[in-house]
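In order, the protein sequences belong to chains A and B.
For the first sequence, the residue numbers in the numbering used here are 628 to 824.
For the second sequence, the residue numbers in the numbering used here are 628 to 824.
Source of the hints: derived by calculation from the structure; they are not laboratory data.
Hints are supplied without guarantee of correctness; some may be wrong.
Computed Cβ-Cβ distance ranges for the label pairs, DEER-style [to be verified]:
1. GLU701/B / SER724/A: 41 to 47 Å
2. ASP686/A / ALA808/B: 31 to 37 Å
3. SER666/B / HIS680/A: 56 to 62 Å
4. ALA675/B / SER657/A: 26 to 32 Å
5. LEU733/A / LEU736/B: 47 to 53 Å
6. SER800/A / GLY820/B: 17 to 23 Å
7. LEU733/B / HIS680/A: 16 to 22 Å
8. GLU701/B / LEU822/A: 28 to 34 Å
9. GLU804/A / LEU677/B: 51 to 57 Å
10. ALA799/B / GLU804/A: 48 to 54 Å
In this text the structure is predicted, and so the values were computed from the model without any measurement.
Note that beta-carbon positions come from the ideal geometry of N, C-alpha and C, so glycine has one too.
Number of protein chains: 2
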Amino acid sequence: MSAPRRGRRPGAPDTRAAILAAAREGFAASGFSRTSVRSVAAAAGVDAALVHHYFGTKDDLFVAALALRVDPREALLPVVEGGLDGAGERLLRVFVSVWDDEETRLPLLAVVRGIAEPAGQRLLRDGVMRMVLGPVGEALGLDDAPRRMTLVASQLVGLVVVRYLLAVEPLASMPSEQLVATYAPVVQGFLDGVLPG
Amino acid sequence: MSAPRRGRRPGAPDTRAAILAAAREGFAASGFSRTSVRSVAAAAGVDAALVHHYFGTKDDLFVAALALRVDPREALLPVVEGGLDGAGERLLRVFVSVWDDEETRLPLLAVVRGIAEPAGQRLLRDGVMRMVLGPVGEALGLDDAPRRMTLVASQLVGLVVVRYLLAVEPLASMPSEQLVATYAPVVQGFLDGVLPG
């Protein structure tokens, strides 16, 4: 057996992994907005153009760094395409379809478990607000979108923790249709209800 | 300086600490219901009567092991004493008064941060459901109390994570009166609204 080769080799299979590792580290340490493709490239010892070549935009790179099995931007298309009417129910349906499926749930739970540390908190915050709920609020054209979407976040994150992470019964075993019917009105109220001044 | 003395000395100042450590370990490893005062006493090398002498009931011991600054059973008295009408708003007021105060918030956040590991998940689950929400649901005489209280848990836990742990704006800086007004109707709906079958 030859010794493993060391050093950075642009284009080699592990360059992609090095970029991903640098991206994850950067996003975790500094948050999404303060991490640039340039800084990730520098940390991985490659050119920024190569990062774009492999991963596309900074948003794409962030999604890749989270190592999810589903791109939230695609999964959420049906939510925003139908407009504000019924958006709460459609959002719950996407949420349940992603979280009730073990294959997509496990990588997401890994992100949620990072919550204990500041780095994991930054990843989760950026993941939830920037990749999932922020764009939905903008696309739906909500008034007061940031406030409304953090309210939605507070319900969905709590649902993740209590149903999927802590597995508290009977919520953990509630059939998905009942879950959607229970939470859709709450989420819809946060989206278009009257908020206290 | 004399070397620190070793061994277990019933009644000595560190006996109390040894019991608390054993309790915390036991509750975390096995959950509340499978941990007995007897097993905690054995792990600490003392008699069960001594545990009762220092800490009272198993519920008291659990609260002491969580090292909170407030006993949730006392804090929640005003919620249940007023009956079901307005209970959502009173629960939110207690919640905000405890969580907006740094002195009571920090020990609670330490429990929430334990969420990454199974032991911490058991502590949090028992803490939220057994010490806080379970008794409220029973005292209010709710029909379908377990389901209703896990729904309430899903909203309050999410609020803890998004407002206090992740500190997502604008929810993190929302004035407490506005917070109560925003969430009280949701919690009241979970308490006494019509639930899907």
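The hints, checked one at a time:
1. Judged by the Cβ atoms, the range 41 to 47 Å given for GLU701/B and SER724/A holds: they are separated by roughly 43 Å.
2. Range check, ASP686/A to ALA808/B: about 35 Å between beta-carbon atoms, so the 31 to 37 Å window is met.
3. Checking the proposed 56 to 62 Å range against SER666/B and HIS680/A shows it holds: the Cβ atoms sit about 59 Å from each other.
4. Checked against the hint of 26 to 32 Å, the C-beta distance between ALA675/B and SER657/A comes to roughly 52 Å, which is inconsistent with it.
5. Hint check: LEU733/A to LEU736/B, Cβ distance near 26 Å, so the stated range 47 to 53 Å is violated.
6. The supplied range of 17 to 23 Å is met by SER800/A and GLY820/B, whose beta-carbon atoms lie about 21 Å from each other.
7. Take LEU733/B and HIS680/A: their Cβ atoms lie about 46 Å apart, and the range 16 to 22 Å is violated.
8. The hinted window of 28 to 34 Å between GLU701/B and LEU822/A holds, with their beta carbons roughly 32 Å apart.
9. For the pair GLU804/A and LEU677/B, the supplied restraint of 51 to 57 Å holds, since their beta-carbon distance comes to about 52 Å.
10. The supplied range of 48 to 54 Å is broken by ALA799/B and GLU804/A, whose beta-carbon atoms lie about 34 Å from each other.
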